[in-house]
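Undergrad: Sequence:
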Amino acid sequence: ASFEELLAGITDVSALKPASSVALLLTMAWVDGGDAATYEKVAAQVVAATQSLHVGHLCDAAWALAARPIGSSSELAAVCSAAFEQKPSQQRAPLLRMSEAVAALELEYPDVEVSLPGPWRTILEDVQRMDQDRLETAGMHRAILDSLDRFTPSPSFPYEIQFTRNAVAGRYRVEFLDEKNGLCLEVDTLNRVVPPHMKVRHLKLQTATNQKFKYYYPAVINYWNWRRIRDPEDQELTIKRMLKELMTEREQAEG
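Using the numbering used here, the first residue of the sequence shown is number 248, and each one after it goes up by one.
Do not take every clue at face value.
Only pairs whose alpha carbons sit at most 16 Å apart, straight line, appear in this in silico EDC-like list of lysine to aspartate or glutamate [said to hold, decoys possible]:
no.	residue 1	residue 2
1	K288	E332
2	K427	D396
3	K451	E353
4	K487	D396
5	K451	E426
6	K451	D373
It is worth saying that the hints were derived from the structure and are not from the lab.
Whole structure, please, built from the sequences with the hints as guidance.
TA: Here it is in structure tokens:
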């Protein structure tokens, strides 16, 4: 059954318990499914129940409200504030989601004042770094880096690129970064606990560290698409097409 069919089977979302409302809100934001009215109704239920929710549920709700905003920042701010009144979660998935929710507050709602306690800031920075460190030995990432290292300028690809793994790009750590050209690559693997779309959105909002370019230019390599490409030369061609599209986008945006 599709998500829409499963959602249609919930006859009364108002009857859901708070934790179930969070799970539904997270799923709707993750797959961008369900109509706006239902999403807003579930979001309102979650915000109304913040004081009764465990910190892990609050992290999930914050990510959902940041990934799929419902018109204002007040709901996101309320959920984050409630979470920060509790001790930080010790689980990787909720912390990574809260890290992106905090990034949304800083990058998209800079006028909203939400105090981030020191212990929360430390653990959010640590979990983002450790999550990227986990990928250092992933076979798919090694294959991608090998392809990138073999790129040389040519008539069909007239660019000098140099990517590094697990690098800092503004507010985020990214899987592959070419700082010289302002390019970022993320890999949407099966074990991600946060889909890449909000991270990509935020990278596009940030000024590149070297100030040469106005923004970062990110792209996502889909796991299943990559797995279907067996030949190393075809893998290289696929990445080159992605990078050429990013370079063209940058040239058109910045002249």
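Undergrad: For this structure, which hints from the list above don't hold up?
TA: Structure breaks hints 1 and 6.
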